[in-house]
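K.L.:
Residue numbers (my numbering), protein chains in the order written: chain A, 2 to 264; chain B, 2 to 264.
Please note: incorrect hints may appear among the correct ones.
Copies of the same chain are indistinguishable here, so a pair counts whether it falls within one copy or spans any two.
[Stated by the list, open to error] Below are the DSS-like pairs computed for lysine-lysine, each with C-alpha atoms no more than 30 Å apart in a straight line: (1) Lys187 with Lys95; (2) Lys45 with Lys239; (3) Lys45 with Lys95; (4) Lys187 with Lys166; (5) Lys107 with Lys239; (6) Lys187 with Lys11; (7) Lys11 with Lys95; (8) Lys166 with Lys9; (9) Lys95 with Lys9; (10) Lys107 with Lys166; (11) Lys187 with Lys107; (12) Lys239 with Lys9; (13) Lys45 with Lys9; (14) Lys95 with Lys166; (15) Lys239 with Lys166; (16) Lys166 with Lys45.
Derived by calculation from the structure, the hints in this document are not laboratory data.
Residue-level listing of the chains:
There are 2 protein chains.
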Amino acid sequence: MERTELAKFKPEEFRSMVRRGEWTDTTGGICAGYVQSNLAIVPKEYAFEFMLFCYRNPQPCPVIDLTEPGNPHPPLLAPEADIRTDLPRYKVFKDGALVDEPTDIKNYWRDDLVSFLLGCSYSFEWSLSAARIEYRLIGVYTSNIQCLPVGRFAGPIAVTLRLIKGTAAAVRAVQISSRMPAVHGKPLHIGNPEAIGINDIYNADLFHHPDVSPQTPDEIPVYWGCGITPQLIALQAKLPLMITHWGGHMFVTDRQVENLAIL
Amino acid sequence: MERTELAKFKPEEFRSMVRRGEWTDTTGGICAGYVQSNLAIVPKEYAFEFMLFCYRNPQPCPVIDLTEPGNPHPPLLAPEADIRTDLPRYKVFKDGALVDEPTDIKNYWRDDLVSFLLGCSYSFEWSLSAARIEYRLIGVYTSNIQCLPVGRFAGPIAVTLRLIKGTAAAVRAVQISSRMPAVHGKPLHIGNPEAIGINDIYNADLFHHPDVSPQTPDEIPVYWGCGITPQLIALQAKLPLMITHWGGHMFVTDRQVENLAIL
């Protein structure tokens with residue numbers, strides 16, 4: 002099936018496809034207008050500390066739903082969904098090392114696992130497009146901006162770079178994303194990549210868009226927090242077990258983006 | 002000292018006064034432009050569940066800061082302050098019963114206590130006034146709107162009623178408060194009190210403004226979530242220990258309201 006056809010799918014239809022193993026690719030452009038989310042799963046023992054960490058770092062880690070221990074159904078944003086099977090691909094970390102990249106996590110599931118859904122900026126792209134803002138997604142980078150540490154959770158913030166065409170469009174993008182703190186909210190940085198420790202925007206360390214032509218003089222670099230951040234944190238925190246989505250392979254919720262906007 | 006003089010105080014000056022026992026009254030109108038907050042303290046054992054509860058009920062319970070267990074200093078909003086002494090009055094609940102109403106909680110402090118600061122709508126009143134919105138605070142009521150329950154935490158939402166003069170001003174108040182989800186955000190209800198279980202707005206069960214003249218035809222009733230809600234929850238949850246502020250006797254933070262606004 003083509004990605005453009007999937008834009009018209011309802012979230013439940015798309016998640017069923019994923020559950021049946023019929024889609025294991027990225028989710029950008031899928032289920033137009035619906036909130037997509039990052040995933041971070043930790044044992045209950047660490048859940049409060051991780052919640053505190055997310056709370057102190059709302060731009061990379063905006064919590065939009067979280068589950069009771071052992072319950073795989075996100076109560077607010079998709080109660081019919083199953084967090085164990087409904088994402089196209091996962092990463093499993095043990096003691097700070099990546100040990101598996103499965104397409105479901107049924108074999109890893111335990112009664113003490115708490116799932117955090119963190120809003121993804123794919124979500125506000127529907128609103129950027131609706132405002133006819135021209136932009137290009139360039140990549141995802143490890144910045145030199147540090148998260149506010151909480152207990153064992155510490156590390157750098159991952160950022161997403163978009164080049165936005167024209168200053169009026171960049172200002173509008175600030176406004177639109179500010180309305181949506183649930184999906185990363187306002188930008189973390191505008192302009193000079195070196196100021197946040199990025200030496201070469203054409204060489205992203207975390208995710209690189211395949212066809213990137215050079216920046217033009219009228220393009221403004223705008224950086225948002227990215228929900229890959231918990232994966233950087235997982236590497237440093239060395240939890241016995243932490244499960245995340247595989248970058249770009251998001252969980253599609255039942256909530257429309259405009260209904261998570263603040264105003 | 003008069004309340005009007007205290008409007009000009011810096012939060013640190015006012016908190017010092019409270020700490021010395023020189024102010025045990027309510028805090029409305031004090032430290033102009035600064036965020037005031039409700040307080041809810043629970044043992045670490047219940048902190049994750051309570052966090053989850055607040056997370057699911059952001060309108061009555063918007064968490065604006067929370068502490069590591071045993072640490073009485075709110076790291077984000079007032080690191081120099083001490084949660085044990087800097088509020089004018091507290092309520093101590095044991096096993097679901099109110100057992101004390103002290104002016105400090107030093108005798109109750111333990112190494113496992115986690116403090117939640119929840120934004121207070123006193124904060125956005127500075128912005129309503131700046132916009133020359135005419136309104137009257139009438140009272141705080143137990144509504145029939147139920148919180149989304151989480152584990153042992155369940156119960157009704159407490160609401161604050163303001164009568165706002167004119168429909169344009171009511172619309173502007175919706176806009177202004179929507180910018181500030183950290184201090185209860187958008188209204189929960191507009192209009193008919195009976196629709197949310199309030200039979201008589203002139204007889205508030207939780208807090209009643211002393212001089213309330215009858216509603217005039219051009220006044221619109223607008224209801225916001227209220228941070229007294231955790232006190233209603235405490236009664237039902239029967240935790241071994243839960244400490245809250247005494248209604249209206251808030252914690253004054255170092256953060257200016259405009260700096261907690263979303264945009």
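K.L.:
Taking the earlier hints as the rules, which of them does this structure contradict?
P.N.:
Numbers 1, 7, 9, 10, 11, 12, 13, 14, 15 and 16, in rising order.
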